[in-house]
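K.L.:
What follows is the residue order along each chain.
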Amino acid sequence: MLYREAGQFKTSYASDQAVFPILQDRIGVIVILLVAFFVIPYFSNEFILQAVMIPFLIYSLAAIGLNLLTGYTGLLSLGTGAFMGVGAYACYKLSTIFPGVHILIWIVASGFVAAAIGVFFGLPSLRIKGFYLAIATLAAQFFLQWCFVRLPWLTNYNVSNAIEVPTRTLGGIVVTGPNASPQIRYLIVLSIVVIMTWLASNLVRGRIGRMWMAVRDMDIAAELMGIRLLTTKLLAFAVSSFYCGVAGAMMVFLWYGGAEADTFNINQSFFVLFMVIIGGLGSLLGSYLGAALIFILPILLRFVPPKLGMTIHSATVEHLTFVIVGALIIFFLIVEPHGLARLWQIAKQKLRVWPYPY
Amino acid sequence: MLLYKIFIDPFVQMGASPDLLIQTLWEGLVAGMLYALIALGFVLIFKASGVFNFAQGIMVVFGALTLVGLYDMLTHIGVSMPVAAAFIALGLTIVVMFFLAYGVEKIVLRPLINQPDIILFMATFGLTYFLIGMGELVFGGNPKVMISDQLYLPKGSIDFKIFGGLVSLQKIDIAAAIVASIMVAGLAVFFSKTRIGRALRAVADSHKAALAVGISLEQIWVIVWFASGLVALVTGIMWGARSEVSFALQIIALRALPVLILGGFTSIPGAIVGGLIIGIGEKLGEFYWGPLIGSGIESWLAYFIALVFLLFRPQGLFGEKIIERV
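Just so you know, the protein sequences line up as chains A and B, in that order. Numbered according to my numbering, the first sequence spans residues 28 to 385. Numbered according to my numbering, the second sequence spans residues 35 to 360.
Calculated directly from the structure, the hints in this document are not laboratory data. Heads up, the beta-carbon is just placed ideally off N, CA and C, and yes, glycines get one too. Heads up, some of the hints might be wrong.
One side only, chain B facing chain A, incomplete, derived with CB under 8 Å [unchecked claim]:
| # | residue |
| --- | --- |
| 1 | Phe-86 |
| 2 | Asp-106 |
| 3 | His-110 |
| 4 | Phe-133 |
| 5 | Ala-157 |
| 6 | Phe-159 |
| 7 | Val-342 |
| 8 | Leu-344 |
| 9 | Pro-348 |
| 10 | Leu-351 |
Lysine to any residue pairs mimicking SDA-like chemistry, simulated, CA-CA at most 20 Å apart [as the list claims (entries may be wrong)]:
| # | chain 1 | residue 1 | chain 2 | residue 2 |
| --- | --- | --- | --- | --- |
| 11 | B | Lys-81 | B | Ile-230 |
| 12 | A | Lys-120 | A | Val-56 |
| 13 | B | Lys-178 | B | Arg-276 |
| 14 | A | Lys-156 | B | Gln-149 |
| 15 | B | Lys-140 | A | Val-350 |
| 16 | B | Lys-178 | A | Ala-342 |
Same shape as in the complex, but just chain A (with noise of 0.2 Å):
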């Protein structure tokens, strides 16, 4: 009753092409922001800010960099987990060498880093594509990890071969670093993430987008249409690795407070891989939709049978994790291969001629 669009005329192109041109979505989308800004700071514990929203958060930013790849120009990438860590390691190198600017700038210049990381491993997208693409882009993977362990410049020689966030603080509040408090560190990520998922949809829905997509649906044809392939690839590599190398950066500053080599290892990649397949290719919001899923559904097995008076070995635990994860995954493909984005667009259409079936 409460979702319909009638009456809501267009009069204007700017209204006819806005982001949500439907009331209700646009109310909506408000209602999420400001709970996510106001409400959920104050009323959540630390555990809930620092092992639930903030990767979350991260996961989903680092998924929308995936999915304008994979989802949007049809690139299909392994090397996502690389990208992230090229992020990390910038910020922490730029940081270090130049302690007195602005960590958040430093956080941004650290995605500028990963774009041209990505655009050097993109250069074979021109000539191959597929799983020959994807089994390329593992190459980045592998090599950036082994330079992650075997060059002890981007650790600063740190004995310990990982990297420790100093602590930085933004007009006398502590921002990273071991002394941060989680909302501070929320807010900052649930920022960055709202403008930079905005700037997306924009991208896409524009003409770069539309050139993407033309690449994904048909590269020859796309080609005869004067798009030239080259760049467009190209820009496509460097827009998702900007993305990944932000949420890398993020993930290092602001939710783990330090990290090594292997927390960008390949099941990183595989990890955000799995967000975009089962949130939804081609879909800003199924970014959102995987990467709650595949990263809180673990959370959730490991709490609720104990809630419900189970005692479980850890360690089967962890074993019925791979299991359920795995089981779900192919589960969720067989009854929706579009990703949870295609069933929240099935069910608003439901709700849009509710009561009535057509």
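With chain A's structure known, arrange chain B on it following the hints.
P.N.:
Chain B alone, transformed into the frame defined by chain A:
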């Protein structure tokens, strides 16, 4: 100076001690053979069903783990002769691999028929996680020792004296080479001479045409998954006998992926030749060029070898030429 170190010095070293060169080549050959076996499993499935089976590496571990785990269980319930227990376990493992193939076809592949490649690829990811969890749940997560004695796998090494040096060949590696050759030959005969083999090739050429002449796709898929399950089991036994059986082995599956891009996804000879090239290239690179840029380059060298090949032949060494029409 640097150029000398990169382009001349390694070859001088090779010439100076040919025994070391031969030893390195042999190790590369053996590693390459195991890569080739894993790639073979990939290729079998990709050819017949168009599925990029990421779970192949896990099937290797899962097969080996099931074998060892079942052996342990059998000795616990009182099968006293180790040899008998080992071979019963082997038989049971083959049965398990068959049911795995059957289950995959029924539960995973059938409902996902006609979906885009990437969806099927992700489904095999799910399968990977499922098998890791299952294997650890049932047989425990600790590394295990392969029951190589009970399966009459040879131990020790043969030493050769050539070029004034000593080259030692592990007997298990020789056995692996022989078994691998027999298996590849067997598969070749199976593909070219039997009725099912002809059906498999027909399916690989065109699903629709195969269906039209009355070949059951479902049956073929079960067979092909079973066949690559068997290849995986053999690979698992051989690899397990060289080191231990644990899920750390899954990393070798990632090492086998460049073999695929090198050889082409659809070519069995490509998998074998590609495996050998990658194996030998990796060991030579690690041994002669590794010290120049720090050790551990094995982890990505194979990918770079494959990428360089790809620049010149995007479809792989023996891959089918992809002709695109708009």
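K.L.:
For each hint, tell me whether it holds in the structure or not.
P.N.:
Here is how each hint holds up against the structure:
1. Phe-86: Nearest chain A Cβ about 5 Å off; hint holds.
2. Asp-106: violated (17 Å)
3. His-110: violated (20 Å)
4. Phe-133: violated (16 Å)
5. Ala-157: holds (5 Å)
6. Phe-159: Holds. Min distance 6 Å.
7. Val-342: Violated. Min distance 10 Å.
8. Leu-344: holds (6 Å)
9. Pro-348: holds (5 Å)
10. Leu-351: Cβ of B:Leu-351 sits 13 Å from chain A, so the hint is violated.
11. B:Lys-81 to B:Ile-230: Holds, at roughly 14 Å.
12. A:Lys-120 to A:Val-56: Cα-Cα ~37 Å, so violated.
13. B:Lys-178 to B:Arg-276: holds (12 Å)
14. A:Lys-156 to B:Gln-149: Holds, at roughly 18 Å.
15. B:Lys-140 to A:Val-350: At roughly 18 Å apart (the allowed maximum being 20 Å), A:Val-350 and B:Lys-140 satisfy the hint.
16. B:Lys-178 to A:Ala-342: holds (17 Å)
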